[in-house]
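Top line first, the protein sequences correspond to chains A and P.
First residue of the first sequence? That's 10 in the numbering used here, and the numbers climb one at a time after it.
First residue of the second sequence? That's 338 in the numbering used here, and the numbers climb one at a time after it.
Don't take every hint at face value.
As the list claims (entries may be wrong) - Which residues of chain A face chain P? A partial, calculated answer using Cβ under 7 Å:
hint	residue
1	Leu51
2	Ala207
3	Asn417
To be verified - Covered, in the sense of this in silico footprint (three residues per stretch, anywhere, with C-beta under 8 Å from a C-beta of chain A), are these stretches of chain P:
hint	stretch
4	370-378
5	401-415
6	542-553
7	628-636
8	653-661
Just so you know, these hints were derived from the structure itself, not from any lab.
Ideal Cβ placement from N, Cα and C applies to all residues, glycine included.
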Amino acid sequence: MEMFQNILFGFSVALSIQNLLYCFLGCLLGTLIGVLPGIGPLATIAMLTPITFSLPPVGALIMLAGIYYGAQYGGSTTAILVNLPGETSAVVTCIDGYQMARQGRAGPALGIAAIGSFFAGTLCTLIIALFGPSIAELALEFGPAEYFSLMLMGLVTAAMLAQGDMSKSLAMVIVGLLLGMVGTDVNSGWRRFSFDIAELGDGIGFVVLAVGVFALGEIVANLGSAEKRTIFTSKVGALFPSKDDLRRSSGPILRGTLLGAFFGVLPGTGPSVASFSSYMVEKKVAKDPSRFGHGAIEGVAGPESANNADAQCKFIPMLTLGIPASGTMALMLGALMIHGIAPGPTVMTQKPDLFWGLIASMWVGNLMLVLLNLPLIGLWVSLLKVPYRMLFPAIIVFSSIGIFSINNSPFELYLAALFGLVGFVWMKFGCPPAPMLLGFVLGPMMEENLRRALLLSRGDPMVFVTQPISLGFLIATVLIAVTMLLPALRKRRGAITD
Amino acid sequence: MHMASKHFAPILAVILALVCSFLLPAASPAADAYPTQAVKVIVAFTPGGTTDMLTRMVSTRLSEKLGQTFVVENKPGAGGNIGTEFVVRAAPDGYTLMVNSVGPIAVNPTLYQNLPHNPITDLEPVVQLADVPNVLVVPPAANTPDLKTLIAKGKTKQGGLSYGSTGIGTSSHLSSFMFAQTEKVAAVHIPYKGADALNDLLAGRVDFMFATIPSVMAHINSGKLVPIAVSSAKRSRSLPNIPTMIENGYPGFEAGSWFGFFAPRGTPRSIIDKLNGAVNEILKDPEIDKQMVFAGADPVGGSPEQFKQFIASEHKKWAVVVKDSGATAK
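This is chain A alone, in the form it adopts within the complex:
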């Protein structure tokens, strides 16, 4: 009952004309920056933070939060339309979303992304309101050993991302792990594989790699074959998901949301881990996994819901523990601090208008986003009617602006161009880029947590099995590996006895 009153109180804060306006502004801005790669919520919020010092704190946070989760909505748009991941988390959406667009199903893909995100946003608003403070403690249960075992499980399941030749996918995972090694070693401060290039000292940027391999590589490939260039213009089908699409997507959306909420509570997982996990789960439970990678709507619905749920639930550790899960979260934490509000366990009792107002505004913001995005679908899809010879220079221009804007570094533009070329070659050899990106994301996190866990245990590897949560993940990892290898082994035994 008290919870009900709290939520009502939150809505009374969020629905004031002023806060509605801040919420709308944030969502609109978020959608726009989400569409562009590189220009992300971090830079935008950093630019706007000084302006918010003169705003009331609740309004300021509502607007900044709107930018943050609005960007997750916008990020999928270009991923689906032109294979250009607008945000880190949208990389997974490229896999099947872009294939759907090529089959003339960009409308349903965009639609299901918006619907899935809305559902995830709604459910997560409820989750935060009901359980926020109590599940926040879960974050503290996760130390380096737990994170390592979790990431190891993720890496073993990476084989699920394979399309066609398993050995090629595994090779790509290893390429990703190797690329992830580039940069400064956290423990020694030494630079690895940087070839004395200062810009490589902090490693290869995820956006640089993803935009290069996906968007630029795709452009080179498209230009290489004459007939494919017209594929977009020939057919632009339905604008909205059909009944069958919705039926297929309901399971993935629900599972994606729950997965995303789980990863959201853990501040030590990056933005794309949730969407990758959701994709692999959907492929595993699907009756016909071979459809994945060829425009399966489940491969859009699940990850998109997961990444929105993840983004929103990252507010749980931020607000209730004062632990920022990302640079963007750290920025919002800082903005609150400037207003004299210290997020932490006491924020709910000391600043109920801020806590409940923000939570209610998230639901309002999600509603705004879905209302904002659904009518835009027609417009986006009509974009595909633009002849490719005019579309691709625009994609390159916007990609370049986005990449340059991350660190104001021209070097990263050259690097993206190089990865564009490499991506094209990989495509020609039939090497899927998604497993590479998963390796790239998980590799550095695994290494860091492995070494940290061993430093804390003074070199004793038993720490991974004596911690119950870590042990659980390790057992699950073994089980997953066995279930994946069994069919292959059985086949081989069959072949021998034949």
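Given the coordinates of chain A, assemble chain P onto it according to the supplied hints.
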């Protein structure tokens, strides 16, 4: 693409403005006219950090005061060396400035081998903005609410203590190193990337940490972390009840972050004086003062000479600590 470009127009306008300000030849630097065009303020770290936040706070005020936009531009990478190098090579006309911190200015010359610039001689100090002291915090469950118990635990615990830090060669790392070295306590350094250390500190996996005051203020207030001492010369205004390390019997234990404005070497003195005067006035503004205290920063100000002297002493101090700690970055 037409519809799309309409949406991107404002963002594009900003980017074009930035590009133009970069390409246009700088006007002749006459101090009374300065500034006659937008001024770039480089931050050598990512958006959202303390340097970035302080810079944006002050730059907004500088724009109002001097009538030209002060555009903050982030050039992060290599521990702040990339942004610093950029400003060292920029034209000394007052239209490229930077806000830099203790790391790239006073620590990196010793920490990094083969640094292509010398921040002490290649940059003109303009004014010191603020001090951000570190505070020594421990988790409450560890039952080490003061230095004596913490040291005692360090002498008895098998394997020694573990301390978190925001990365190798940071003031957070070197403060703990100085403390452990003085007390001859066995302590293992657990480096994290930025603020990630907080999670393991709250959960009690690491025994102590020198953290910037704003990053742990909330947890101190809620009792999830226990503050033991601050690392500044004077007590911090954000934590007036917590004694300094010096008060605790560590003479000269001054190890915090500080931030200040810099210009490329050769920037006309008249421009530096004008900026120095403007920033000093801004720092006296009660509104800025309030925001800084909330952010855990203590405003400093003063003349360029005072800043220069301070930097020289900092450089000397950190050179010794970095060498003792054995930390290097290659």
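Count residues of the stretch 401-415 of chain P with a Cβ under 8 Å from any Cβ of chain A, then say if the count reaches three. Contact hint for the stretch 401-415 of chain P vs chain A: holds, 7 residues under 8 Å.
If you look at each residue in the stretch 628-636 of chain P, do at least three have a Cβ nearer than 8 Å to any Cβ of chain A? This one holds; 4 residues, not fewer than the three required, reach chain A with a Cβ under 8 Å.
Mind checking the CB of alanine 207 (chain A) against every CB in chain P and telling me if the closest is under 7 Å? holds, 5 Å
Holds or violated: is the Cβ of asparagine 417 (chain A) closer than 7 Å to a Cβ in chain P? holds, 5 Å
Three-residue Cβ test at 8 Å for the coverage of the stretch 542-553 of chain P by chain A: holds (count 3)
Are 3 or more residues of the stretch 370-378 of chain P near chain A, judged by a Cβ distance of less than 8 Å? Coverage by chain A is violated for the stretch 370-378 of chain P (0 residues, Cβ < 8 Å).
Given coverage of the stretch 653-661 of chain P by chain A, tested with a Cβ cutoff of 8 Å and a minimum of 3 residues: violated (count 0)
Close enough to count: is the Cβ of leucine 51 (chain A) nearer than 7 Å to one in chain P? With Cβ-Cβ at 5 Å, under 7 Å, it holds.
Checked against the numbered hints above, the structure violates hints 4 and 8; every other hint is satisfied.
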